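Engineer: For reference, the chains in residue letters:
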Amino acid sequence: MIDVLYFAWLRERIGLGRERISTQAATVNDLVDELRAREERYALAFEDTSSLRVALDQELSDFDAPLDGVREVAFFPPMTGG
Amino acid sequence: MIDVLYFAWLRERIGLGRERISTQAATVNDLVDELRAREERYALAFEDTSSLRVALDQELSDFDAPLDGVREVAFFPPMTGG
Amino acid sequence: MLRVQSDSFDPGKELSAFAKGRHDIGAIVSFTGVVRDTDKTLKTMEIEHYPGMTERAISKIMDEARTRWNLADVLVIHRHGALQPGEVIMMVATASAHRAAAFEAADFLMDYLKSRAPFWKKEIGANETAWVAAKDEDEAALDRWTSSPPD
Amino acid sequence: MLRVQSDSFDPGKELSAFAKGRHDIGAIVSFTGVVRDTDKTLKTMEIEHYPGMTERAISKIMDEARTRWNLADVLVIHRHGALQPGEVIMMVATASAHRAAAFEAADFLMDYLKSRAPFWKKEIGANETAWVAAKDEDEAALDRWTSSPPD
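Taken in order, these protein sequences are the chains called P, E, A and F. Here the first sequence stands for residues 1 to 82, where the numbers follow our numbering. Here the second sequence stands for residues 1 to 82, where the numbers follow our numbering. Here the third sequence stands for residues 1 to 151, where the numbers follow our numbering. Here the fourth sequence stands for residues 1 to 151, where the numbers follow our numbering.
By construction, these hints were calculated from the structure, which means they are not laboratory data. Computed from a predicted structure; not experimentally measured. Watch out, some of these pointers could steer you wrong.
Unchecked claim - Computed list of lysine to aspartate or glutamate pairs in EDC-like fashion (alpha-carbon distance at most 16 Å, straight line):
1. F:K43 - A:D24
2. F:K43 - F:E87
3. F:K122 - E:E59
4. A:K20 - F:D24
5. A:K20 - F:E87
6. F:K40 - A:D10
7. F:K20 - A:D37
8. F:K60 - E:D57
9. F:K20 - A:D10
10. F:K13 - A:E48
11. A:K122 - P:D57
12. F:K60 - E:E12
13. A:K43 - F:D24
14. A:K60 - P:E12
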C-alpha cells in the first residue's frame, strides 16, 4: 500500500488530494501508467508528465525512480513559492 | 576667499576642520602646494595626495580641477560609509 | 529559524527581533514578498503547500546557505492559505559579519524557495481564477548558484 | 526618502512603515548595517560626516538607482556621531514589482554608500583608536555596476 498525494491543478483535475493505493508498480512511471489506465480524469491529469514533478517520501525525485520501500508519492506542478 | 574643509585623520593632523583662505591658486594641486608651504603639519597631512580625495562645492572632483568660482574645497581620506 | 504558518506576521517586528544583541554581526539583509496586484484585478491569492515536505525542503535550503556562507543567523517565514493584495507572503533574513555574504545568501534562499519549496499560488480574480505558472527565468536563476560556487 | 541623523532608529519599525499599503509591490529588500565588535575590543565607533555633501551625494546615488531599476520606493537612513557595538549604523530599503530589481538596487546602493558617501568611521577601543581604512575590495565592488549595466 502506498499513499499518493496530488497538489494544485493536479489535485483539482483528479478531484482529490490523497488516496491509498495498492500497487505492484516498480517505478514512478509504472505507477503513472496504472493511474492513467484507471479513469479519464487521471489520463488527462497525467497527459504530460514533463510538466509535473514528483516527490518520494517528501524528497524531490524523478519519474524513473524505483518505488521500493516508498510510502508516500506526491505529484504536483512546478513549485511557485517565495 | 575660499572655504577649505578637512575631515577625519586629515582634520586631526592639521588640527582644524575649516578655515577661510585667500588664494590665487588656479587648481586644487596649486592650492595643495600653497598649504604644504605654510607649515609642517600641512606638509605632513598632504604628503601623499593619492591617499586623499577632494570635493569642490560638495561634489567629488580631481586634484587637477580648476578652482574658478569654487567657494568650498574639502579634503578627506577615502570614504567609509555604509 | 523557520516558520510555516497561515497567520499573518509583521516583517518589521521580525527584523527588529532578528539577530538582536549580537556583536559579531555587521550586516543584515531581509527580503519580504508581498501579494502584488498592479492591475487591481486580484481578489485573493491562495497558497497551497505540502505539509511536512515544506519544512524539510526549506530546512535543507537553509542548511545549504549556512554551508556556503558564514552566517550568524538565518530566518525564513512563509505563509499558506488565503491572502489579500498587499499582504506579506513570506520573508527571509540573513545576518553575517560582512555585507556580501548576507546579500548573496538572501538572494540564494529566495531563488531556491521560488522553485524548490512545495508551494503553489492560485490567483482568484473578479472574473477569472488561475494557478500561477512557474517561470523559466526562476528555474534559470538556480544556475547562478551551481555554475560558479560563491565564496 | 533620505534621513541623515545622529539619533538611533529601529530598522524594523522603518521596514513596517516602508512602502505600506501599496499593491504594485511584490518585493522589498532591506539592508541594515550594525557596529560589529567580533573581538570585543571596541568601545565606541565615531562616524564623522560632511553635512550638506552627505545629503547631496546620497540623493544622487538614490536617483541613479531609480534610473537603473523600476523602483516603487527607496529608503536610506544613515547615522553619524558616537555609536556603541551592536547599534544600527544605517539602513537601505528598496521596493519593486519583482525581486531581482529590489535585490540589485539594494546591493548597488550599499556599494555606492560605502565608497561615495562622505562618512568616515573611527574605532575607539580600550587600548587603541584608529580610523577605519577604505578597502580595495569596496572600491572594486563599484566596477560591478559600470562594466555591465543592469536591466
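Engineer: Run every hint past the structure and note whether it holds.
Structural biologist: These are the hints, each one checked on the structure:
1. F:K43 - A:D24: 14 Å, holds
2. F:K43 - F:E87: 12 Å, holds
3. F:K122 - E:E59: Judged against 16 Å, a Cα distance of about 23 Å means the pair is violated.
4. A:K20 - F:D24: Judged against 16 Å, a Cα distance of about 31 Å means the pair is violated.
5. A:K20 - F:E87: 10 Å, holds
6. F:K40 - A:D10: Roughly 32 Å separates the two Cα atoms, so the pair is violated.
7. F:K20 - A:D37: Between F:K20 and A:D37 the Cα gap is close to 14 Å, so the pair holds against 16 Å.
8. F:K60 - E:D57: 15 Å, holds
9. F:K20 - A:D10: At roughly 11 Å apart (the allowed maximum being 16 Å), A:D10 and F:K20 satisfy the hint.
10. F:K13 - A:E48: 30 Å, violated
11. A:K122 - P:D57: Given pair A:K122, P:D57 is violated - Cα atoms ~25 Å apart, limit 16 Å.
12. F:K60 - E:E12: 29 Å, violated
13. A:K43 - F:D24: 14 Å, holds
14. A:K60 - P:E12: With a Cα-Cα distance of about 29 Å, the restraint between A:K60 and P:E12 is violated, given a limit of 16 Å.
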